[in-house]
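J.: Work out the full structure, taking the sequences as your base and the hints as a guide.
These protein sequences, in sequence, are chains A and B.
Going from the first sequence to our numbering is simple: count from 1 and add 498.
Going from the second sequence to our numbering is simple: count from 1 and add 2.
Since the hints were derived computationally from the structure, they do not count as laboratory data.
Every value quoted in this text rests on a predicted model; they were computed, and no experiment measured them.
Each statement offered as a hint is correct.
Not close to chain B: a few residues of chain A, all C-beta gaps over 10 Å, as computed: (1) 548; (2) 697; (3) 748; (4) 765; (5) 786; (6) 787; (7) 799.
Counterexamples of contact, computed for chain B against chain A with all Cβ distances above 12 Å: (8) 100; (9) 174; (10) 261.
Result set (SDA-like, lysine to any residue): computed pairs, CA atoms no more than 25 Å apart in a straight line: (11) 504(A) to 580(A); (12) 63(B) to 551(A); (13) 229(B) to 563(A); (14) 189(B) to 610(A); (15) 26(B) to 618(A); (16) 66(B) to 506(A); (17) 26(B) to 36(B); (18) 63(B) to 586(A); (19) 238(B) to 325(B); (20) 66(B) to 557(A); (21) 66(B) to 580(A); (22) 820(A) to 793(A); (23) 189(B) to 557(A); (24) 229(B) to 556(A); (25) 170(B) to 124(B).
Note that CB positions come from ideal geometry on N, CA and C, so glycine has one too.
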Amino acid sequence: MEETNKQVPVTVLTGFLGAGKTTLLNRILTEQHGKKYAVIVNEFGEQGIDNDLVVDADEEVFEMNNGCICCTVRGDLIRILSGLMKRADKLDAIIVETTGLADPAPVAQTFFVDQDVADRTKLDAIVTVADAVHLSTQLTDHHEAEEQIAFADVVLLNKIDLVDEGGLEVVKERIKKINPFAKVINTTKCGVSLNEILNLDAFSLKRVLDVEPDFLTSDHDHEHDDDVTSLSFVSDTPLDMEKFQDWFSKLLQTKGQDILRTKGILDFTGESDRYVFQGVHMLMDASPMGKWPEGKERSSRLVFIGRNLESMNLKEGFENCKSA
Amino acid sequence: MKADTNQFPELDKTKFEQRGTEFKLGIPITNAVTVGNSIAVGFGDGTVRIFTSGESSEPIKAHKGIVLCMSKDGDNILTGGDDGRFLNISLDGKINEIGNFGTRWVDHVTANNGSLVCSSGNIVYLWSPNHKEPKLFEHNSTIGGIAFDAKGRRLAVSRYGGVTLWKKDYSNKWNSSELNWKGSHNKVIFSPDGKYLVTSMQENQLHFWRLKDKIDSAMSGYGAKIKSFAFVDDSKYLATSGAKEAVCWPFDGDGPVGREPICLPYVGNKLVTFVEPFPNENAILTGLSDGSVFLSEIEKASNTIIIRSFTEFEVSAIAVTKDCSHLLIGDMGGNILWTSIWDEEKK
Chain A
499 MEETNKQVPV TVLTGFLGAG KTTLLNRILT EQHGKKYAVI VNEFGEQGID NDLVVDADEE
559 VFEMNNGCIC CTVRGDLIRI LSGLMKRADK LDAIIVETTG LADPAPVAQT FFVDQDVADR
619 TKLDAIVTVA DAVHLSTQLT DHHEAEEQIA FADVVLLNKI DLVDEGGLEV VKERIKKINP
679 FAKVINTTKC GVSLNEILNL DAFSLKRVLD VEPDFLTSDH DHEHDDDVTS LSFVSDTPLD
739 MEKFQDWFSK LLQTKGQDIL RTKGILDFTG ESDRYVFQGV HMLMDASPMG KWPEGKERSS
799 RLVFIGRNLE SMNLKEGFEN CKSA
Chain B
3 MKADTNQFPE LDKTKFEQRG TEFKLGIPIT NAVTVGNSIA VGFGDGTVRI FTSGESSEPI
63 KAHKGIVLCM SKDGDNILTG GDDGRFLNIS LDGKINEIGN FGTRWVDHVT ANNGSLVCSS
123 GNIVYLWSPN HKEPKLFEHN STIGGIAFDA KGRRLAVSRY GGVTLWKKDY SNKWNSSELN
183 WKGSHNKVIF SPDGKYLVTS MQENQLHFWR LKDKIDSAMS GYGAKIKSFA FVDDSKYLAT
243 SGAKEAVCWP FDGDGPVGRE PICLPYVGNK LVTFVEPFPN ENAILTGLSD GSVFLSEIEK
303 ASNTIIIRSF TEFEVSAIAV TKDCSHLLIG DMGGNILWTS IWDEEKK
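T.: Right, here's the structure in full:
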């Protein structure tokens with residue numbers, strides 16, 4: 499546990515150009531008095547960022563030379579985070595702003611792949627700022643916009659004063675279809691309480707326990723196969739650990755590029771502990787997470803967010819893992 | 003013994019700790035460089051201190067946040083920082099700013115015969131002696147490391163996808179050639195005999211090229227990233243960190259291909275985080291993740307002695323004075339040990 503305390507939380511801010519990332523950033527920096535933040539920026543735009551510690555980075559995506567094709571990391575983040583960890587004064591948090599067209603996966607994967615980064619920092623949450631007026635068009639035109647929603651733990655739906663109620667509902671529906679697990683917060687000018695976006699610990703396995711699958715989302719009416727959607731499954735029958743591991747590892751190996759995020763709580767036959775995992779593409783964190791709560795039904799819950807999920811026979815695969 | 007007290011228990015002190023001087027500064031140590039019989043140390047608060055005969059100079063306020071890198075330029079030191087400044091600092095603390103890159107960090111610095119080099123982002127800047135304006139060498143990605151060969155005619159620049167080798171021809175024009183290997187390359191060094199180029203990678207492995215015929219190969223099997231490696235005894239061995247043993251690859255004869263490295267084990271089973279060749283000997287100083295430091299003969303592992311016991315902080319710097327009489331050890335917890343190496347120096 500002591501190790502965890504030493505890890506500096508890193509919040510990733512994504513969102514298209516003009517959505518309000520800089521507004522949010524300046525809000526965080528001016529409101530949190532007495533805290534020391536480092537801000538890693540990529541777009542050195544017109545609007546200034548009001549902080550002593552601003553680091554200019556070049557969003558460099560590196561492929562790891564480990565035979566895993568979708569295993570990409572942000573090389574600049576490894577360099578900068580490793581450097582920041584040598585500072586004499588301790589940082590309360592690090593905020594990474596990504597460019598509008600960035601895929602969040604390499605950022606998240608950096609925290610799985612690089613040991614130094616993982617030892618000293620932890621990915622706290624991915625916060626996506628979305629422009630309520632333009633999000634629908636952006637989602638249609640740019641797959642990066644879909645990915646930013648798909649990876650988000652929090653979506654800050656900004657500029658809601660500029661759309662009518664009907665328009666707002668359409669945008670929210672669209673977000674929910676891609677990622678029903680993200681918390682959507684309506685704002686104008688990014689007016690949000692900071693405890694809703696900082697220190698969420700969204701990537702910790704403990705938080706996976708809060709995931710409630712949303713059964714309404716397994717619909718089939720999306721327009722292209724390229725659309726990001728989510729699917730979730732629940733089983734009250736315990737799973738066979740060997741069968742599950744076999745199916746799931748093959749699935750991630752072969753379809754990991756299309757599977758953006760996964761989360762799950764698993765009830766294995768003969769195991770008294772809950773098994774919890776969460777993953778980004780092919781990379782996964784998994785661990786037993788204590789006993790099942792007394793008096794509550796044990797059940798397995800599994801969530802996928804990705805593309806072409808329909809083609810992966812996920813339901814069948816999951817059903818086959820049930821203990822006979 | 004207690005690992006959580008940040009104290010060196012009196013009884014467990016090595017003879018080097020007993021006769022040496024300890025400084026508990028509490029500021030992470032990022033670099034140490036030998037300049038004659040002084041050792042310059044860079045810190046995680048942007049300061050530099052010069053240690054001479056067991057005394058520390060006043061901190062020199064060099065950079066705003068962190069001294070990211072250091073090198074030697076004759077009797078002076080070069081530093082690069084997270085404030086984007088590239089500095090030349092004399093031992094009496096005079097600072098001369100060579101370059102300033104604003105919000106872009108100066109990640110690497112080096113020098114050879116008065117030519118001063120730094121990298122910031124994907125560009126290497128080279129100031130030739132008596133030139134005010136630098137020459138720029140642009141690369142396709144952020145630079146992972148830079149190194150001159152002994153003569154200063156070749157400059158190796160590691161990057162994503164391999165190394166760019168710049169060579170100065172006799173009309174002083176620099177021409178580049180590429181040594182490619184998939185993946186991201188960090189620190190780069192030449193062997194002292196100039197025959198080999200070695201890089202550490204983002205993956206837990208090293209890569210080397212034999213320059214005469216460009217054959218290359220990986221050195222793998224490490225449990226952690228290799229942050230520190232150096233040639234020992236001219237170019238006979240390459241000593242490396244990144245495992246629980248100091249792994250020493252043979253580079254004499256035809257090089258390491260098909261040969262086994264010598265692995266030097268240490269008590270405590272901790273990760274080796276720093277290796278420093280002992281000058282003119284077939285021996286290395288090895289620093290571990292718990293702060294302990296050992297001196298080992300590579301070909302006779304039984305001749306290993308403990309220099310410093312643990313501090314609980316990773317060893318991040320070791321340097322030996324030019325006359326080989328004293329050494330300095332620094333760690334990420336800001337502890338420094340300055341000690342004489344030989345018994346007879348005991349006062």
